[in-house]
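Top line first, the protein sequences correspond to chains A and B. Mapped onto UniProt numbering, the consecutive letters of the first sequence carry residue numbers 1 to 318. Mapped onto UniProt numbering, the consecutive letters of the second sequence carry residue numbers 1 to 295.
Everything labelled a hint here was simulated from the structure, so no lab data went into it. Glycine is no exception: its CB is placed at the ideal position from the N, C-alpha and C atoms. Misleading hints may appear alongside valid ones.
In silico contact screen, one side only, chain A against chain B (beta carbon under 10 angstroms); selected entries [as the list claims (entries may be wrong)]:
1) Y46
2) F81
3) L137
4) I140
5) P175
Facing chain B, from chain A, some residues (calculated, C-beta under 8 angstroms) [what the hints assert, rightly or not]:
6) L49
7) I52
8) F56
9) I141
10) S153
11) R222
12) T224
13) S226
14) N295
Listed below are the residues making up each chain.
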Amino acid sequence: MEQAVHEKLRDSSKRSKHSVWREYKKYRGLLLLLLPGIVFYSVFHYAPLYGIQLAFKEFRIMDGIAGSPWVGFKHFNTMFFVSNQFGTILKNTLIISFLHIVFGFPAPIVLALLFNEIRLKVFKRVTQSISYLPHFLSWIILAGLLTTILSPSTGIVNQLIASLGFEPIYFLGDPNYFRFTLVVSGIWKEIGWGTIIYLAALASVDPHLYEAAVVDGANRWRQTLSITIPCLLPVISIMLLLRIGGILDAGFDQILNLYNPAVLKVSDILDTYVYRVGIGQFQYGLTTAVGLFKNVVGFMMILFANYAIKKMGQEGLF
Amino acid sequence: MFRLKRKTKGEAFFDLFNNFGMLLVCFATLYPIWYVLVNAFNEGQDGMRGGIYWWPRVFSLESFEAVFQSSGIMTAMGITVAKTVLGTLIHVFFTAMVAYAFSRKNLIGGKIYIFVGTVTLFFGGGLIPTYLLMRDLQLLDNFMVYIIPAMFSFFDLIIFMTFFREIPDGLEEAAKIDGANDWSILLRVVLPVSMPVIATIALFHGVYQWNDYFAGVIYMNNMDMQPIQTYLYRVVAQSSSNQMVAAIPGGIGKTVTSQSIKLATMVVTTLPIVLVYPFLQKYFVKGMMIGSIKG
């Protein structure tokens, strides 16, 4: 009896090996198409993980990554306890991100609701198309554009301010105004593009709901409050959670292109610090440690966001 | 059927207000671009006085002439065109190929690949390890640094895969019966019916390549191989535009200023995107929808 069971087990394991081989042969062509992707991933996404050890090493160019000596938590010690720069850049990152969330996050939702109320179809389509345009301009171009229109002497914004009898404002050079400039220019660039996902959600609202509401005598304001916004809420909460998950991303491209020594104290964020000090001053060990901090905390935030989204009963990221 | 009620006073007021507000949004979006445009077409010296809001005060093409005569700018422009064309072709083809393999059901280990790909969207080695990797791969100061690291994107793979899964199985089975292998099915059957999604990804990636400055800033010390966006970054962010005027060959009148050349370069750099944009924006939106729903 026992032997028969053994026999059967062996038999089935043999068959499964056989079938993996058969599967392999069957999909050999496809696997061949997949292979370059796997190679690409190993090289460009997983190989850099090997370099993370630099966070615990003193990098010496001649010795390379593997040969450089270990220094334990020295860089983390410098980061958290010795240098006071890390506190500043972390604070800047959080404040700028927070401002982007408070003012920048609701903006496309409001715009999408207003788009939704446009009755004239052609006008709606044209307005939408125009509002997406700035998304396709690079921050380089926007930096040139902003320095032009915000110039304290000849820029149109300051000429407007001057004509009202006020002093010109150095939007890009005054620490009191720089973050404000970041938030407003961020909204200008992304507000239209940000509406797309909400408009997609609005398009899938069952029109019967509105018809029923009209029968019940609800006006458009009432319909917006009782139908449109509740239907948008799941999308809004997912987007908000993802945004909070990415709170350590305060807009590298934007800041790198707009900041200058005059506003460094209020605008230097984790990413710009890693770039400037790491690549510019060759402090590979320290900045890899800062990058690792950002990566680990950021990843935990995303896991949290994913968990929260699933808790809400929505489909998560993983 | 019920008839729509006549608008109430409040609703009529709202419609008026909303339409006006939307006109304002369009204006706020377009005006800064227009402002740069008219200032670029104004004579440089005269433009220093400011006050050009709607139309050039002293119309002049000299800044543009200067741009087109500057070998630095033209070289950079050529690099940008080259990397956009080549990078987009390779990216689309490579990503489509991998996505096709992904999209087949029952491929061994299918879920593992998805997991492996998704993780990298949120966790990576960081800037310095990536920089050192490029150095070790001999990609510093090498044109291919624009192409190879950007030839594949997991996000685009998801968009491709979503589309490929909608293709009726019958098409491929028929080809298989005719003796076609996976490679020729991809080339002869799948890609030809996937033109909409190919257009979408090509546009996304084309804009990415056109706009990317960072690869040039970080991996390229050779000024002859920097793309136009990197050139502008060095000019705008590091305000070295006086060098720009210095680099312009003589013969141009003294009316050109560093600011006017900067504006003209910005216009030349942005114009291609603004010109093709109206025709292509529906593809962008479609791609964004697929990406946001499935991603």
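Hints, verified against the model:
1. Nearest Cβ of chain B to the Cβ of Y46 of chain A: about 8 angstroms, under the 10 angstroms cut. The hint holds.
2. Proximity of F81 of chain A to chain B is violated relative to the hint, the smallest CB-CB distance being about 22 angstroms (cut-off 10 angstroms).
3. About 6 angstroms separates the beta-carbon of L137 of chain A from the nearest beta-carbon of chain B, less than 10 angstroms, and the hint is met.
4. A distance limit of 10 angstroms between C-beta atoms decides the matter here; for I140 of chain A the minimum to chain B is near 5 angstroms, and the interface restraint holds.
5. About 18 angstroms separates the beta-carbon of P175 of chain A from the nearest beta-carbon of chain B, more than 10 angstroms, and the hint is not met.
6. Interface hint status for L49 of chain A: upheld, as the beta-carbon distance to the closest one in chain B is roughly 5 angstroms, under 8 angstroms.
7. At its closest, the beta carbon of I52 of chain A sits 6 angstroms from a beta carbon of chain B; the interface hint therefore holds under the 8 angstroms criterion.
8. The interface hint given for F56 of chain A is broken, as the beta carbon of that residue sits about 13 angstroms from the closest beta carbon of chain B, more than 8 angstroms.
9. A cut of 8 angstroms between beta carbons decides the hint on I141 of chain A: the least distance to chain B is about 5 angstroms, and the hint holds.
10. Because the smallest distance between the Cβ of S153 of chain A and any Cβ of chain B comes to about 7 angstroms, under 8 angstroms, the interface hint for this residue holds.
11. A distance limit of 8 angstroms between C-beta atoms decides the matter here; for R222 of chain A the minimum to chain B is near 11 angstroms, and the interface restraint is violated.
12. With 8 angstroms as the threshold, the beta carbon of T224 of chain A stays out of range of chain B, its nearest partner Cβ sitting at about 10 angstroms, so the hint is violated.
13. Using the Cβ-Cβ criterion of 8 angstroms, the hint placing S226 of chain A at the interface with chain B is not satisfied: the shortest such distance is roughly 16 angstroms.
14. About 6 angstroms separates the beta-carbon of N295 of chain A from the nearest beta-carbon of chain B, less than 8 angstroms, and the hint is met.
Of the hints listed earlier, those the structure fails to meet are numbers 2, 5, 8, 11, 12, 13, in rising order.
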